[in-house]
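Visitor: Go by the hints and put chains E and X onto chain G.
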Amino acid sequence: MSYARRALTVAWKDLAVERRSKETLNALVFFSLLLLFVFQFTLGGDRERLAAVLPGVLWLGFVLSALLALGRTFLVEREHDCWEGLLLAPGDKSAIYLGKLAGNLALMLVVEGLVLGLFVVFFDIDLGRALPGLLVVVLLGTLGLAAVGTLFAAMTANVRARELLFPVLLLPVQVPVLLATVKATEALLLGEPLGAVAHWVKLLLAADVVYVVVSVLTFDVVLEG
Amino acid sequence: MNLELIVRVVDVRKVFGLVPVLDGVSLEIRAGEAVALLGANGAGKTTLLKILATLLRPTRGTATIAGHDVARAPEAVRPLLGVVAHGAWVYDDLTARENLKFWATLGGLDARADDVTAALAGVGLERAADARVRTLSAGMKRRLSLARVMLARPRVLLLDEPFAGLDQRARKWLEGRLEALKAAGAALLMVTHSFGRELGVADRLAVLAGGRIVLDTARGSLGADDVQRLYAAHAEDAL
Amino acid sequence: MVKTLGWVAAGALAAGLVMAFGVAPREVTQGNVQRIMYVHVPLILASYVAFVVLALASLVYLIRRDAGADRLAHASGEVGVMFVGLGIATGSIWGKPTWGAWWTWDARLTSVAILFVMYLGYLLLRGTIDDPERAARYCAVLGIVAALDIPLVHFSVYWWRTLHQPPSLMKPGGFTGSASILWPLLINLLAFVVLYAYFVARRVRLLRAEAEAAA
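Chains as they are written, first to last, in my numbering: chain G, 1 to 225; chain E, 1 to 239; chain X, 1 to 215.
This is chain G alone, in the form it adopts within the complex:
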């Protein structure tokens, strides 16, 4: 099917460019390491205090990384007027959105895995039985961030004060995702089963569906510029 092929080729293109230039990935890895140090210096001494703030701190790290990664996702299209090329490509433009979303999601999950790994190692955290539930929450939360983030990134790519406007627009809209993921992570790390946070998971699912559907429907309006 042509739609799927077009979306996949956009995702492939983004990941290939990222794999070779490593611009965003390097920045994110470095940034995650820095975050780790900052959290250690500000919170690390007291293990109880750290355990209490860990879910929030973890997701703070994820969100800040997401802002970096998503804010840049359309910058590559501004070189050599590739944006024009995307706009003039025949067919449904939402395929481009889904391709970009898939690429962003992959990148963000890689970085989040790295951050999580660093946390486990450096803060000596036992994920244990929480891991499967945690993976579900991380996946759904990241999808929510990436879905609206990709749309807003396209919107702000050609606008003045892009770096400021993008987080200002994205963060308030993402509050449900932030609350749901932090609360669910908190419960899971305390040993609760995934069923205990079912309402948060359902909220995340609902949010993801709303965000992706709206973005798919409005992306061509945003691309038109």
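Because the hints were derived from the structure by calculation, they are not lab data.
Just so it is clear, the structure is predicted and the values come from calculations on it, not from any experiment.
Positions of the beta carbon are idealized from the N, C-alpha and C atoms, including for glycine.
Check each hint, because a few of them may be wrong.
[Unchecked claim] Listed next, the stretches of chain G that the computed footprint assigns to chain X, with coverage defined by at least 3 CB atoms under 8 Å from CB atoms of chain X:
| # | segment |
| --- | --- |
| 1 | 177-188 |
| 2 | 199-210 |
[Said to hold, decoys possible] Among the chain X residues that face chain G by a calculated CB cut under 10 Å, a handful are:
| # | residue |
| --- | --- |
| 3 | 62 |
| 4 | 129 |
| 5 | 142 |
Guide: What follows is chains E and X alone, placed relative to chain G:
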């Protein structure tokens, strides 16, 4: 030869802020016809090209391609177009071959590997095919852009300075490809500020000055010098 | 027509104030400061009306590209942000003597604060884009995303914590306060909605004049 009217520009005006760049432009291009549009830098050639390419909307007037209004039905027009504008539409971190494959797939084309290789060979990029575009010169990036358009075999070509930066061999190739496309019924608009090889391919010449078409004539047997004289005469009148 | 609206708003506001300060009973524990509720609650509810109008106008704009719909969304956003801001301020003024704090992070306050910031972002986006057509398109998309997000915000924050008075008007069981509180409240609510409509009408007229001057 098909004489169907493909591109129709009727009294198009385009104003940026308070500056009128196009002030009543009318132009027609038939299937199998190539028009060279001459004009000084800043005369509005690129603006007209962008309007036809559905990248800008006219302030007044209409432009249609194959009967579809470019402002009201851009999605109907886009599949018909092949555009080489100012930017090359290339990703620096992909190879030339990968760039072609990407744009072909995005355009819904079924480009086989041989077609891609042939297109690259045509513009003289077969040896640089698997090098990252970042390492290519500006001229080579332009050639890659032309290869991209040729792969698609569009019905309407909108080309901005197509022969700029090409060496002898590439120019011959491009001339050949453009003639072939013309023979297949495509309509061509070539926009330029110099009097180069575009004239060889062109069936008609138009001059854009003062926001209007001040000359629109069959090229016939006019040589480059004749054209230069005509251009100087008409462009000055308009200013 | 706009002028009439202005007079109706003034009249309704006057009636509302009379009811709030004259007719409504003095609250037993909180004293007279509780009367701020007759301004605070209508401000917030009227701002909800503003944002619903913004969302609907944005949708109409995307479907029909009607510049009038965009102007309505724009004006509604401006008036709505003003009302929310005033609503938050009056809430703080009410809250300080009543609960001892200017602000708490309970469900209702947090939701309203998020709403405020979202729509400030809307105005910021408008201000940053010079091309009016592009501004209209992007703001319409933002308006719809934000509007669809509001129920999600509401639930997530409500589940997160609850300290505020349980909703009295929109609770599943219906209003449980006495009639002597209900009537002044409703009249003030009507007054503020009419005031909102008046402000929006004037703003839309101004925007239309600006657009025609630029054309």
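Visitor: Holds or violated: the hint that residue 129(X) contacts chain G, with Cβ atoms closer than 10 Å.
Guide: 6 Å, holds
Visitor: Can the segment 177-188 of chain G be counted as covered by chain X under the rule of three residues or more with Cβ-Cβ separation shorter than 8 Å?
Guide: holds (count 3)
Visitor: Taking a Cβ-Cβ distance under 8 Å as contact, does the segment 199-210 of chain G have three or more residues in contact with chain X?
Guide: holds (count 6)
Visitor: Does the CB of residue 62(X) sit less than 10 Å away from some CB of chain G?
Guide: 6 Å, holds
Visitor: Can we keep the residue 142(X) interface hint, with Cβ of chain G closer than 10 Å?
Guide: 7 Å, holds
The structure fails none of the hints (numbered hints given earlier).
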